[in-house]
Amino acid sequence: MRISHWRKMAVMATAAALVLTACGEGEQAESTAGGDTIKVGILHSLSGTMAISEVTVKNSELMAIEEINAAGGLLGKKIEPVVEDGASDWPTFAEKARKLIKRDEVATVFGGWTSASRKAMLPVFEAEKALLWYPVQYEGLESSPYIYYTGATTNQQIIPGLDYLKDQGKKKIFLVGSDYVFPRTANKIIKAYAAANGMEVVGEEYTPLGHTEYGTLVNKVMSAGPDAVFNTLNGDSNVAFFKQFKAAGGTAEKLPVLSVSIAEEEVGGIGVENVAGHPVAWNYYQTTDTPENKAFVEAYKAKYGADKVTSDPMEAGYNAVHLWAESVKKAGTTEVEAVKKASAGVELKLPEGLVTIDGENQHVHKTARIGVIQPDGLIKEVWSSEEPIKPDPYLKSYPWAQGLS
Amino acid sequence: MSALTRGRALLTGRYRGHVLFASVALLLLAIAPAALDPFRLGLLAKYLCFAIAALGIGLAWGQGGMMTLGQGVFFGLGGYSMGMYLKLNDAGAEGLPDFMVWSGVEELPALWEPFRSPFFALAMVVVLPVAVASVLGLLVFRQRVRGAYFAILSQALAAAFVIWLVGQQGLTGGTNGLTNFYDVFGMDPEDESAQRAFYFTVVAVLGALYLLARQLVRSRFGRLLVAIRDGEDRVRFLGYNPATVKTVTFAVSAAMAGIAGALYVPVVGIISPALLGVVPSIELLVAVAIGGRFSLAGAVLGGVLMNWAHTSLSENWPEGWTYLQGGLFILVIMLAPKGIAGLARQAGDLLARRRSAGAPAAPPAPVKEEVAV
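Chains C and X, in that order, are what the protein sequence lines are.
Its first residue numbered 1, the first sequence is counted upward by one per residue in the working numbering.
Its first residue numbered 406, the second sequence is counted upward by one per residue in the working numbering.
Derived by calculation from the structure, the hints in this document are not laboratory data.
Using N, Cα and C, we set each Cβ at its ideal position, and we do this for glycine too.
There may be inaccurate statements among the hints.
Straight-line alpha carbon distances no greater than 20 Å define the calculated EDC-like cross-link-like pairs of lysine to aspartate or glutamate that follow [stated by the list, open to error]:
| id | chain 1 | residue 1 | chain 2 | residue 2 |
| --- | --- | --- | --- | --- |
| 1 | C | 380 | C | 265 |
| 2 | C | 129 | X | 593 |
| 3 | C | 396 | X | 503 |
| 4 | C | 188 | X | 511 |
| 5 | C | 308 | C | 265 |
| 6 | C | 380 | C | 163 |
| 7 | C | 129 | X | 597 |
| 8 | C | 390 | C | 163 |
| 9 | C | 102 | X | 596 |
| 10 | C | 102 | X | 595 |
| 11 | C | 243 | C | 273 |
| 12 | C | 129 | X | 588 |
| 13 | C | 191 | X | 511 |
| 14 | C | 170 | C | 227 |
| 15 | C | 102 | X | 442 |
| 16 | C | 39 | X | 596 |
| 17 | C | 303 | X | 724 |
| 18 | C | 129 | X | 595 |
| 19 | C | 129 | X | 442 |
| 20 | C | 102 | X | 593 |
Here are the computed distance ranges between Cβ atoms for each label pair [said to hold, decoys possible]:
| id | chain 1 | residue 1 | chain 2 | residue 2 | range |
| --- | --- | --- | --- | --- | --- |
| 21 | X | 521 | C | 291 | 55 to 65 Å |
| 22 | C | 376 | X | 728 | 28 to 38 Å |
| 23 | C | 287 | X | 532 | 54 to 64 Å |
| 24 | C | 143 | X | 525 | 29 to 39 Å |
| 25 | X | 441 | C | 376 | 50 to 60 Å |
| 26 | X | 510 | C | 380 | 53 to 63 Å |
| 27 | C | 197 | X | 527 | 45 to 55 Å |
| 28 | C | 252 | X | 522 | 52 to 62 Å |
| 29 | C | 347 | X | 441 | 37 to 47 Å |
| 30 | C | 269 | X | 510 | 29 to 39 Å |
| 31 | C | 252 | X | 510 | 31 to 41 Å |
| 32 | C | 210 | X | 443 | 28 to 38 Å |
| 33 | X | 728 | C | 384 | 42 to 52 Å |
The following residues of chain C were derived to be distant from chain X, with all beta-carbon distances above 12 Å [unchecked claim]:
| id | residue |
| --- | --- |
| 34 | 91 |
| 35 | 252 |
| 36 | 340 |
For reference, chain C alone in the conformation it holds in the complex (with noise of 0.2 Å):
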């Protein structure tokens, strides 16, 4: 029996791939024994169902390094950005995280987005003492030493969107969520403050993420009549909830739905026909008016593409790599101790306005807005908190809340 031409050329063809393989590995060594540049991890999800939302975050994040570099990098080195996938699974996100500290010995990662890819990735770096920027709004009630959260925590997202629909004089609310911890938690806090500020909860549902059939869902919150509902539905499904929330005849008048996940970048999935004049909850819009966000959405827009827009967890992303760069400065080393220490305090005039690292817990000052989608898939703000406000992860400074945590 004669090994057949086909076979020999697939152990080759499996062969020259294993090479190739074991090739990139030896270029990769290579580069780390340079020390005229400062490596730093990017790690989010670049393939897998995050990965839509998670590449716009690492794509500011690569315009950050990009814009420090050019304007003659840090501490007189340039910055090297080393990219990794995190796959949309939490345990790669852990691999991944101990390979960016262990073999490429980066200063500092920036990555995640859920919130199972950050508990995954907290571990790693309290053991190694190694620090992570994470860009994503999350549902706090955690505060670990050697991550920075520059997303809004709950009292800079969801409780000045209950303050809006109070406001709005709305008494009974319907909560439609996903099933994980965000929403969960999310909502937990919103029953306490809702039982505080004489608002009702009439209804309370979670389905899998990636559900898709919301009609009985949406007959369940038409018939318990609610005046607003509070929506921490997250990716694909909010697509199937506001069609079918359309077609049983919802609207943003008589019955708005306020989302706490659905920026920019997602109407257009949605489609803005079916979510314009809702509003939403989030800290930084496209549309918001400072000189540095329209220097970041023109920036934006000349590289990765005129048709793109600009999002909270984009912006928040960008503003890690300058937040750690500006705490490197002042710290004179990339040091993580150092780094730390320097941090608090920290103050820098980015897209969404003023923004201050918290010496307390390595959250960020930040100014809260109410959006309303628009008819041309922007987000406008209807309302603000005028000013940055300070951080509590714990909610200790809001006396209905003590039960929680």
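Add chain X to chain C, keeping to what the hints say.
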């Protein structure tokens, strides 16, 4: 004659299996720990965990013909048993695991209570997968459900298990799973010496389970199993009960997946539904196909290679590695349907025939080719 000939004899003769086993053991126990840095050694430990699960699939699928697309369930049962113990151990006698606190659970659920005991938890690593596999096996194999129907059923089980885990956030940690362990049997899991200890444990367990599986395959039971794979009705007419043989094999393969899951938890530091669903279960099956499902060694090799390719391709081409990996796998399966082990065997046979050049080559025995190394 010369040393070369003798060396060749070792590689092709009847001791081929022993030589192979000894050299792999040497590689894993002595060379790898010396040559690899702690990070790479930790990754190798992870690959070997998957290799243990792959070994179980090699047994059930390669030898027994049961195409199981739901090994993630058993991996998960083992992993969660271990994770629950570790979480309770970290929380202390009075405390609750962290995720329960933020999910609004105020009292430890009754399901968790017995997992305070490490002995109970370790027993459950094997007992739970075996119990689930036995019940499923008895129900399914007695009804003579096999082939694609069994595959679909096992896949549905994996899908349902993940939906349940995600939905019960207060009980299971939801999508986050269980993570952030500070103390694994008295060791700090992020510590390098602890990682080395985990690595050697994984290697030892893999070695022991491999020998066990090999013994099983070579026993009367193993011959019966292969016979059932190749002609279930004929075996039944001979008076054997195929359902029992298949159920036992399926349970053994489930136990291996459970043990793999339990070892994975301290090595990687997390167990989450993302590891247990339909896709990871299929990936394990693909790994076994690539390694060579008719050979136990091939299955182990596949488990390691697949995960190694995963890491190294994604490190080098973070943006397009999934296409590369997919393409590579399609190529291997298309051109080497019996996997890498099949190719290796062919190469070995070729060598053996060259050695006995002049003497008429014995025709290859088709059955022999499909019995485990």
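* Which of the numbered hints above does this structure break? -> Of the numbered hints, 16, 26 and 34 do not hold.
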